[in-house]
Amino acid sequence: MTHGSSRSGISRRRFLETLGLGAAALGTGAAGMSELLRVGRAAAAAAGPDTLVVAQDTSVQTLDPQIVYDNTVRITRGIYEGLVTLSGNSAQIVPRLATSWQASPDAKVWTFKLRSGVKFHDGTDFTSEAVKSTVERLIKINRGMGYAYHGVVDTIDTPDPLTVRFNLTGPDAAFAAKTAAVSGALMVSPAAVTAHASGTDMGQGWLASNAAGTGPYMLQSYDKGAGQIVLSAFPGYWGGWQGKHVKQVIFKITPEASTQRLMLEQQDADVLTIVAPDLIDALAKESGIKVASFPTQRIFYIAMHSQRDPLKDVKIRQALSYAFDYDGAKSLIFNGNLEPLYGPLPQSDPAHLQETDKPYTFNLAKAKQLLSESSHPNGGFTLSLFLFQGDPTYEKAAEILQAQLKQLNINVDIQTMTSSVLLGKAGKPETAPDLLPIRNYPDYADPSSMLDATFGRDGWGTAGWNFSFYANDQVEALMKQANQITDQGKRLQLFQQAQKIVVNEAGAIFIGTLINRVPMRSNVQGYSFNPYLGNTFDLYAISKS
Amino acid sequence: MAAYALRRLALLPPLLVGVSLLLFILTHIVPADPAKLIAGEHADLEEVAAVRHAFGLDRPLPEQYLLYLEKLAHGDLGVSMLTNAPVLGDLLQYFPATIELAASAMLLTVVLGVPLGILSAVRRGSAIDLVAQVLSMSGLSFPIFFFGILLQLVFVRALGWFPLTGRLDIIAVAPPHVTGLYLVDSVLARNLADLRSAALHLVLPGLTLALTSLAPIVRITRSTMLEALSQDYIRTAWAKGLVSQRVFVHHALRNALIPVVTVLGLYTSGLLGGVFLVELIFDWPGVGLYSVNAITAFDYSAIMGTSLLLTLTFVLINLSVDLLYAVIDPRIRY
Amino acid sequence: MLSSTRASAISLRPGRGTSYLRRSFRLLARIPGAWIGTAIVGLLVLMALFGPAAAPYDPYHISAADKLRPPSPAHWFGTDDLGRDLLSRVLTGARISLAVGVVVLVLAMVVGVGLGLIAGYWGGWMDEALMRTTDVFLAFPRLVLAIAIAATLGPGLSNSVLAIALSWWPWYTRLVRGQLLSLREQEYVLAAVSLGAGRPRILLQHLLPNVGTTVVVQASIDIGFAILATASLSFIGLGAQPPTPEWGAIIAQARSYMVDAWWYPTFPGTAIFLAVLGFNLLGNAVRDAFDPRLRAVM
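Residue numbers (numbering that gives the first Met the number 0), protein chains in the order written: chain A, 0 to 544; chain B, 0 to 333; chain C, 0 to 297.
Hints were generated in silico from the structure; no laboratory data involved.
Please read these numbers as outputs of a predicted model, since none were measured by experiment.
One thing to keep in mind: the hints can contain errors.
Calculated cross-link-like contacts (lysine to any residue; reagent style SDA-like; alpha-carbon spacing at most 25 Å) [stated by the list, open to error]: (1) Lys424/A with Ile39/C; (2) Lys329/A with Gly153/C; (3) Lys66/C with Gln388/A; (4) Lys66/C with Ser89/A; (5) Lys329/A with Gly82/C; (6) Lys424/A with Val155/B; (7) Lys70/B with Arg131/C; (8) Lys367/A with His60/C; (9) Lys329/A with Ile155/A; (10) Lys66/C with Val258/C; (11) Lys66/C with Pro339/A; (12) Lys107/A with Ala452/A; (13) Lys284/A with Leu67/C; (14) Lys424/A with Asp57/B; (15) Lys66/C with Arg156/B; (16) Lys427/A with Leu152/C; (17) Lys289/A with Tyr236/A; (18) Lys131/A with Ile155/A; (19) Lys112/A with Ala172/A; (20) Lys329/A with Leu152/C; (21) Lys66/C with Gln414/A; (22) Lys223/A with Thr178/B; (23) Lys223/A with Arg195/B; (24) Lys66/C with Ala402/A; (25) Lys223/A with Asp57/B; (26) Lys424/A with Leu152/C; (27) Lys223/A with Leu44/B; (28) Lys284/A with Pro254/A.
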């Protein structure tokens, strides 16, 4: 059976000719295409100096300002504003929609004077009525920052369109700080809420994908399928458009960190929101890209479930605290870019603890000793650990702990899940994991915010941020006392005492205070970061040179 | 022919019932309590019990299955926990992207694979044949998720020829929705920029997805072509000069292509399975990515809904291929 | 397929067997793919058996100082983002992959061949019921079904092994049943029946060995694909969990670092490729060696 070349009609010569021609055509085509493609790519990059593309790390559940409590707040803070805000990178409260404010001597009545001439995106006027309806809405829905107002605000008076008065249930020295919080009381147009309310939802259905705020940017489009949100400049913004501002902001939802990295390189994005230290370090070395570094109020720790066996046993929690390789973690996870953390409050907080207050260092011998004195002297148990999906810092911390605990004959079972599901499970003591690597930052600029939320009894689970389900009567008493006095010096002392108890009882494994490093294109100007304002940055202040 | 078609169609409903039953059984092995999942994280015991009753989760299994079938018939696939929207709506939104991706992969498979197989058969034993066989065997064995990553590294990062992820450039605005297939919609809207952007974005994901079906197509085309070329009556006719070389090749081709068509239907299985991996790597907003995100969220409604949709697609494609096969091959009389 | 089993059916009659087998092996030796395939599979088996012991480092040992090192004499495959030696991890992964591939196939064959034999030989309503069930499973694209089952069972290597096996068995049922149907009518079977041989005896003595060849050939090709399926499930987060060094799981972690650490996804990726290729080549070569049509050509 032969099918030699003499049989087939196409002669070898002709075949080779065709091949040659084909190759030439292909080559020219490829070269031409490459040029065409390059032109196309450049076009993509030239989104223009007026457009800022932000690669957003988390997907959007809703755009409702009274519900948003995650990183979506980066977007909502461009659309909505609060009565006051924080200045620069400090805790100093400055005017926004309110021009001045005053507390009664007993700190139970707070009066705010509002800015005149402010309009919502739907054309209606911003008045005290809007403030009242927004805050009442926040209290009624009672999610996210609602806890700061629920049970705190008794009634709200609107004596005139530019004055609003909050009558609180009890004295609250931190009320102004609460109104400056990153999310919560961001003013939404009452007309829009009423017009689009469906049944008793108070407009939640409509506000999930629409917006009506007073902020510099309007919601131009929200493409769920493509994962893209476009904000465009609101011509009637009370702040005006003098100076240099981007006119359009596009948020592209890109959970995958390496994709974000490539986007920045390819100029498909101008600012990234990733956390992965290795990728950020790699980007820092590239031309056309800069990495801005900011201190934060964020603590990085592993919560330990103190209401459930075996971590109920203090000795075991202390043993775990000695079994964690802190320096190794600092270098492995963060490449050295980590501030110390000696207790629940971050290094940058006035009430932070000192190095001497934290006994725990990486000492396996000590860990073994403590374990031998505990209820499980030989280990032999398994701990569950939940991991937030997509964050390499948590993953590495988990694997580091897992590897060390193996030496103590303790197994760690790691389960990865999406943020919303994880928080749902971790929210209740019965379904929460034994170990949870997590971050926290204060909701408002006062030490009580972080302490209450992370280690207070009222903050268990997602009521606050207490995933250790830690509760200690002495700590509660100290914090209550601190919230009732005004002498700042004394308050700081009380906070420190409370923290020492938490540290001695190993409420969590405290790893470090995070440094915020933001990769962006070199031509992005005006990026600022306030550690008290979560993960957000002021969009309006940004321009591209 | 009509009788054959009718018989094949008649097999469809019981098959679909079987598929739904299998999925129903799966949802009931789920370790989590579905009532708690639906009621949400803030619900207390009473609310969970109410949800359990409202969704009929406290009724005997057979009854639950009937309820489930009824809901399916009405297009109620449940609500996705992630998006807080009905799963059916989500699927309809993301499905066109998957169709576009799978169709492109299919096209690439045929356009690249068939000529390679024919060439390989015609030039049997030559260097080209060997190369084609090696490439196709390698392609079949190569993990597509690794392949996709490699393509990104080479063609995006190193060469910069193609975009990294997504269906369109970030600043581009999608053409007005007619079919959801950007290639089609941009032509309909006469938007050349969108057309080019969509086409460029389809290349790498399409190639990645096509990888596993490329190899079998090349091999099958080659072997059926070889078989057709070796058939005695053809060779005799040609040797006798009764048939020109063109007719020879043409006839061989016709016979060779029939099994290729059937095989394409079979390999859609690999294509549909591959979408999970390819959409994940290229951030392609299709049902595969939707489902993968649903996995870490334990969003069983979304996962099962996607499985049902992809299976339905596969069943329909196989049916079409069977019918097509009957049409192409005049020798088949059912 | 039919002809090969006819050929093998002949082979199992005493007296004629050995020369046929010897001829088959000689034919096998002439197929280049057979050598490469055997070599790769052999290497894989060696890695699986001795790999973990031969590994230069503890695959789970985290080392801050050695983070993301490129391949060097100290670390032939480089290190990962936690400073773990990738050669050791890939070697340990070989054991996992091979074990997983074999277990999946064994499970699939036990269920699939068992049911196929029952369907093919008993016929009647049993056959009908089993075939309808098989059709339902086969209606799903295979990976879609595996993912649905694995997602239901939850993440974890054993869960995904079970899920993949459950998506694989119907192919064997169909294969076996098809063969049996044609074999049933073969003369020698009819002869045995007329001589009074009972059903089980016919099944075991005459039918099973013939079907066995095809099944084994198919299984040897499939092991590679089972390994691929496991790696795919691990890649999307369903299979192996940290710190297990399953090849697909390593690639998933490597994705974030691939730009700066080309070695991180490349070695496990190549390992998967070679493993699948090895089983493919070997299995296909064996199949070709036993296919009478091609034997005539050679």
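Against the structure, the hints:
About 46 Å separates the Cα atoms of lysine 424/A and isoleucine 39/C, which puts this hinted pair outside 25 Å; it is violated. Our distance criterion of 25 Å between C-alpha atoms is broken by lysine 329/A and glycine 153/C, whose separation comes to about 32 Å. Straight-line distance between C-alpha atoms of lysine 66/C and glutamine 388/A comes to about 22 Å, which keeps the hinted pair within the 25 Å bound. For the suggested pair lysine 66/C and serine 89/A, the alpha carbons sit about 36 Å apart, so the restraint of at most 25 Å is broken.
A C-alpha spacing of about 14 Å is found between lysine 329/A and glycine 82/C, which places the hinted pair at or below 25 Å, so the restraint holds. Of the supplied pair hints, the one linking lysine 424/A and valine 155/B is violated, its CA atoms being roughly 39 Å apart against a limit of 25 Å. This hinted pair checks out: lysine 70/B and arginine 131/C have alpha carbons roughly 24 Å apart, not beyond 25 Å. For the hint linking lysine 367/A to histidine 60/C, the alpha-carbon distance of about 19 Å falls within 25 Å, and the restraint holds.
Among the hinted pairs, lysine 329/A with isoleucine 155/A is inconsistent with the structure: their alpha-carbon atoms are about 48 Å apart, more than 25 Å. With a C-alpha separation of about 15 Å, the suggested pair lysine 66/C and valine 258/C falls inside the 25 Å cut-off, and the hint holds. Simply put, lysine 66/C and proline 339/A have alpha-carbon atoms about 22 Å apart, close enough for the 25 Å limit, and the pair holds. A hinted pair counts as satisfied when its Cα atoms are at most 25 Å apart, and lysine 107/A with alanine 452/A qualifies at roughly 22 Å.
Proposed proximity of lysine 284/A and leucine 67/C is supported: the alpha carbons are some 16 Å apart, at most 25 Å. Proximity of lysine 424/A to aspartate 57/B is assessed by CA-CA distance (about 23 Å); at most 25 Å being required, the pair is judged to hold. Distance restraint check for lysine 66/C and arginine 156/B: the Cα-Cα separation of roughly 23 Å lies within the 25 Å cut-off, and the hinted pair is therefore satisfied. About 23 Å separates the Cα atoms of lysine 427/A and leucine 152/C, which keeps this hinted pair within 25 Å; it holds.
For the hint pairing lysine 289/A with tyrosine 236/A, the CA-to-CA distance comes to about 31 Å; that exceeds 25 Å, so the pair is violated. This hinted pair checks out: lysine 131/A and isoleucine 155/A have alpha carbons roughly 6 Å apart, not beyond 25 Å. A threshold of 25 Å between alpha carbons decides the hint, and for lysine 112/A with alanine 172/A the separation of about 18 Å falls inside it, so the pair holds. For the hint linking lysine 329/A to leucine 152/C, the alpha-carbon distance of about 36 Å lies beyond 25 Å, and the restraint is violated.
Pair hint lysine 66/C plus glutamine 414/A holds up; C-alpha atoms about 24 Å apart against a cutoff of 25 Å. Simply put, lysine 223/A and threonine 178/B have alpha-carbon atoms about 17 Å apart, close enough for the 25 Å limit, and the pair holds. Pair hint lysine 223/A plus arginine 195/B holds up; C-alpha atoms about 22 Å apart against a cutoff of 25 Å. Proposed proximity of lysine 66/C and alanine 402/A is supported: the alpha carbons are some 16 Å apart, at most 25 Å.
Distance hint between lysine 223/A and aspartate 57/B is unfulfilled; the C-alpha atoms sit about 35 Å from each other, more than 25 Å. Simply put, lysine 424/A and leucine 152/C have alpha-carbon atoms about 18 Å apart, close enough for the 25 Å limit, and the pair holds. Taking the CA atoms of lysine 223/A and leucine 44/B, the gap is about 34 Å. The hint is violated against a cut of 25 Å. Of the pairs offered as hints, the one joining lysine 284/A and proline 254/A holds, with about 23 Å between alpha carbons and a cut-off of 25 Å not exceeded.
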